[in-house]
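Undergrad: As they're listed, the protein sequences go chains A and B. Note that numbering that gives the first Met the number 0 numbers the first sequence so that position 85 is 84, with each residue one more than the last. Note that numbering that gives the first Met the number 0 numbers the second sequence so that position 47 is 46, with each residue one more than the last.
No wet-lab data here; the hints were simulated from the structure. It should be emphasised that the depicted structure is a prediction, and the values quoted were computed from it without experimental measurement. Wrong hints could be hidden among the right ones.
Which copy is meant is left open, so a pair is good if it fits within one copy or across any two.
Using 25 Å as the maximum straight-line C-alpha spacing, the simulated DSS-like pairs for lysine-lysine come out as follows [said to hold, decoys possible]:
1. Lys-110 - Lys-88
2. Lys-22 - Lys-110
3. Lys-92 - Lys-23
4. Lys-92 - Lys-110
5. Lys-14 - Lys-110
6. Lys-110 - Lys-30
7. Lys-26 - Lys-14
8. Lys-92 - Lys-22
9. Lys-26 - Lys-88
10. Lys-92 - Lys-30
Protein chains: 2
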Amino acid sequence: MPRRQITGFSNPTVKYLRSLREKKHRKAAGKFLAEGLRLLTDARECGRVPEILVMAEDRDPHPLLDALEAAVEAEGGEVIETSDDILAKITGKSNPQTVAGVFGEWDTSLKALDRNSAKIWLVAQALRDPGNLGTMLRTGDAVGAGGLILIDDCADPFSVEAVRASMGAVFTQQLAMARWEVFLPWLRSGPGSEHGGQLVAASLRDAVPYRSAPYVGPCFILVGNESQGLPEDYELACDLRVTMPMMGRADSLNAAVAGAVLAYEVLASLG
Amino acid sequence: MPRRQITGFSNPTVKYLRSLREKKHRKAAGKFLAEGLRLLTDARECGRVPEILVMAEDRDPHPLLDALEAAVEAEGGEVIETSDDILAKITGKSNPQTVAGVFGEWDTSLKALDRNSAKIWLVAQALRDPGNLGTMLRTGDAVGAGGLILIDDCADPFSVEAVRASMGAVFTQQLAMARWEVFLPWLRSGPGSEHGGQLVAASLRDAVPYRSAPYVGPCFILVGNESQGLPEDYELACDLRVTMPMMGRADSLNAAVAGAVLAYEVLASLG
């Protein structure tokens, strides 16, 4: 299939691609944008091939780019060549990557998760910062977590910022979104070790030191909103509350940092 | 001293305050902006009082705000009242905090650091994201670190984003900036345990597992640039290289996350 050349900023496809930087347009289309050869290669190797592949005209040749282009064409997708300037406009980045792709969003309901596929799961409640969200996906990949469950109103995991911060883990980690009222019964009805899975949060309430806490898998590590933390009743619903040392003036860590320190502790404990 | 009222967007003081969101203006003035009652109170309790205090007209009264105002007046500073809209314009935030302050920058040379005041120090090399930088300051406060040393060209720790992400730790942590060529001799000439202080980095090169590594204080935890990591010769100059498990596809963590997981491990090891 020949590549389509796009040269004009006012081209409807450029407008469509740009529109995917906004949540309402992503939700209406059910699509999202991801950039970078490495990230798109991670996606391909996880079975996610872009429906539209956009490449800079003056890119350097690369075998991974050839593989990507072949995969897109094999699945009937479209390959577009355009200028750096237009790529910058599409991705909102002054120094854009030389390649970007449009992906279809996928099922993010709890029933799409296989909770027994991993010993660690990350759970974020009302996490508002897409960078924190992407960082949690990236950490999940690193600790061998199954995925990330987003509770209540979180940032969109398919935003450009979250996808970028995930460094590709948005494609490798399982992802679900649910209200707390739906998540908790789902967790408790599962076949996991204790109540379907151990729900753990960092807390000051009736908590044990995080370094010697009795973690069991599947262990669901719950992190709260950046400014409010977890609601009290969410904390109380946890199977295990742990404290982390706070040696200074602050009483909390960045949400993604807290999740990562706990996740590495659970990984060391469960092996 | 009476409070000055500012009602116009074109007021020169408003322009000056807004200009502090840009690095070149901060450097020219030697001043920076911080927002929020809690953060400004942390600053005051650490002996840093704003030279100019800006308050929203429709703020709620608060004893900490009274204490702040009194401190500013006691030190001959200026107190300004203005509208929410103007505060939003100054801080670049649509829902601004009801109070902001202008602080003088302070000495950030290595000689201002007391390396024996803490067992843990964080060191970041070419860290470009102000959010990551602020998060590292916040983590440093939490683990009882002495402070953060910024090597080579890093984001500005006095940017609004970094100050915000630090959650006040920019005032509680010691802060220094230096080129690598200056930092390394400084480190080696110090009175610390081994070569003046143990320099530790996460690495894949000739490294030991981070959970059982022989940390000694003062321990300097070195984290590299977000996309490039550490230069090879910087890694090789470290006294200890440690590996962290990477169970997934990615071969690295977010810089602030890696620093935090290591810092909590060193804290657990050194006590």
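Undergrad: Give a verdict on every hint.
TA: Outcome of the hint check:
1. Proximity of Lys-110 and Lys-88 under a CA criterion of 25 Å is satisfied in neither setting, with 37 Å inside one chain copy and 45 Å between copies.
2. For a Cα distance limit of 25 Å, the shortest separation of Lys-22 from Lys-110 inside one copy, 24 Å, qualifies, whereas the shortest one across copies, 48 Å, does not.
3. Taking identical chains as interchangeable, the C-alpha atoms of Lys-92 and Lys-23 lie at most 25 Å apart whether they share a chain (20 Å) or sit on different chains (22 Å).
4. For a Cα distance limit of 25 Å, the shortest separation of Lys-92 from Lys-110 qualifies neither inside one copy, at 36 Å, nor across copies, at 39 Å.
5. Taking the closest pair of Cα atoms, Lys-14 and Lys-110 never come within 25 Å of each other, the shortest separation being 35 Å inside a single copy and 54 Å across copies.
6. Taking the shortest Cα distances, Lys-110 and Lys-30 sit within 25 Å of each other inside one copy (21 Å), while across copies they are farther apart (53 Å).
7. Taking the closest pair of Cα atoms, Lys-26 and Lys-14 come within 25 Å of each other only inside a single copy of the chain (16 Å); across copies the shortest separation is 39 Å, beyond that limit.
8. Both within a single protomer and between protomers do Lys-92 and Lys-22 lie at most 25 Å apart by alpha-carbon distance, with minima of 17 Å and 20 Å respectively.
9. Taking the shortest alpha-carbon separations for Lys-26 and Lys-88, only the intra-copy value of 20 Å comes in at or below 25 Å, while the best inter-copy value is 31 Å.
10. Proximity of Lys-92 and Lys-30 under a CA criterion of 25 Å is satisfied intra-copy only: 19 Å inside one chain copy versus 29 Å between copies.
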